[in-house]
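Here the sequence shown stands for residues 1 to 400, where the numbers follow the UniProt record's numbering.
No lab work stands behind these hints, which were simulated from the structure alone. Treat the hints with caution; some may be incorrect.
Stated by the list, open to error - Pairwise CB distance ranges, derived in the manner of DEER restraints:
| no. | residue 1 | residue 2 | range |
| --- | --- | --- | --- |
| 1 | Thr160 | Pro63 | 30 to 38 Å |
| 2 | Gln67 | Ala143 | 18 to 26 Å |
| 3 | Thr197 | Gly236 | 18 to 26 Å |
| 4 | Gly91 | Ala229 | 29 to 37 Å |
| 5 | Cys267 | Pro111 | 28 to 36 Å |
| 6 | Pro135 | Pro63 | 28 to 36 Å |
| 7 | Gln142 | Pro110 | 46 to 54 Å |
| 8 | Ala62 | Ala183 | 28 to 36 Å |
| 9 | Pro111 | Gly148 | 33 to 41 Å |
| 10 | Met86 | Thr160 | 18 to 26 Å |
| 11 | Gly218 | Thr81 | 37 to 45 Å |
| 12 | Asp107 | Gly45 | 17 to 25 Å |
We put the CB at the ideal spot given by N, CA and C, even for glycine.
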Amino acid sequence: MKDLIYALVSALTLVEASSHQPRRFFPYGHKLFSRANDAVVVNLGTAINYSILTKSGISSVAPSQIQGNIAVSPIASTAITGFALMMDASGTFSTSTQVSGRVYAADYTPPTPATLTTAVNDMQAAYNQAAAETPVDFSEFQAGALGGATLVPGIYKFSTGVNIATDVTLTGTCNDVYVFQIAGALTQAAATNVILTGTLLASRIFWQTATGATIGAGASFQGTILSAAAVTIQTGAAVTGRVYGQANVALQQAMVRVPPAFDAATCAAATTTATTATTATATGGGSTTGGGGGTTGGGGGTTAGGTAGTTAGGTAGTTAGGTAGGGTTAGGVTAGPDGGTTAGAGGTGVGDTTATFGNGPAPQLVTGPSVAGVSLEPFFLRVFVCIVSPVRVLTDDVVF
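Input sequences plus hints: build the corresponding full structure.
This is the structure we're talking about:
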């Protein structure tokens, strides 16, 4: 029996060990995906100082509204049209009633040209990073038809275009990252929305597209566009993010807003609050302290107790205990789905001992006494969890 268990564990361990990150479970409609979030925040470098940055021009059908700075390089300021630019006395920038910040071009007074050269190089590097990020979490997801989908963080790769025909929802926290690698064009239909839930930030969503992007009239878009071709933002559309194009960016009475920046302290507080709220909903309050221990067995043996720990969640974790026949009681340990911490030392005793293992999402390994002559080594618990929850090790972008 022990040999059989060992063989099974070896096989299953290979499956789980193939991932370099811990797996998490995410709902997708009526489905469940198990995956690791492999996406990394794209480094925008000095390009982050611009809401719109292009190599070949920016045009506006007035009135458009742009928050932040805009710039073109290496092309000259003549490629910025429809903004009624007013040159500053310094000659290093101009202004427009449609732009809350400043307007820069490669033919302005130094140090503007050199500053823009660096920014454009950083923009190109950001495009390359986004296009090359691996490993891919979702390949050809719904053949690029994202309308109606609810997505989870990760890297999405498409060999063709991506079409958002109806609203699409991106879930996550302020720590999460999305990277979309699109070999074709990115197209969002009129009057549709890219919806963010939780504390997810538009500044941590990146859409890399090789053949351009079109945001339809009246649509609401979230994230940074990194395009190797032209970008068009049609009448009444709003982008919360940044637009970087290696070709022209055209606005038709449209809006571009600077996305909220990531702040580690604020994000940590927001994530803690969100986790607490979720736990309260699932468990009705959710904080459990372990039992007191310190029990002396009738026939000898003492439990060194004090299982202490905090459990957030409603699923029973791992319980070791229940000694019959005057033996020793090992204090109860519960580990909830959010990974409550457990501590405590089980005692030794005389008598028949049984051990019960709960089906918790994040079980703690427990070494107990013997059952029917088979030692309860840590691997035994691992096999038990694998058997009752096979999705833990057998799903990698697998739907059931």
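Evaluated hints:
1. Thr160 <-> Pro63: 30 to 38 Å: At roughly 35 Å between Cβ atoms, proline 63 and threonine 160 fall inside 30 to 38 Å, so the hint holds.
2. Gln67 <-> Ala143: 18 to 26 Å: 35 Å, violated
3. Thr197 <-> Gly236: 18 to 26 Å: 24 Å, holds
4. Gly91 <-> Ala229: 29 to 37 Å: At 32 Å between Cβs, range holds.
5. Cys267 <-> Pro111: 28 to 36 Å: Hint holds: Cβ distance 34 Å, inside 28 to 36 Å.
6. Pro135 <-> Pro63: 28 to 36 Å: Between proline 135 and proline 63, where Cβ atoms are some 44 Å apart, the hint is violated.
7. Gln142 <-> Pro110: 46 to 54 Å: Taking Cβ atoms as reference, glutamine 142 and proline 110 lie about 49 Å apart, which means the hint holds.
8. Ala62 <-> Ala183: 28 to 36 Å: 34 Å, holds
9. Pro111 <-> Gly148: 33 to 41 Å: 48 Å, violated
10. Met86 <-> Thr160: 18 to 26 Å: Once the Cβ atoms are compared, 43 Å apart, the range 18 to 26 Å for threonine 160 and methionine 86 is violated.
11. Gly218 <-> Thr81: 37 to 45 Å: 23 Å, violated
12. Asp107 <-> Gly45: 17 to 25 Å: 22 Å, holds
Of the numbered hints stated above, those contradicted by the structure are hints 2, 6, 9, 10 and 11, listed in ascending order.
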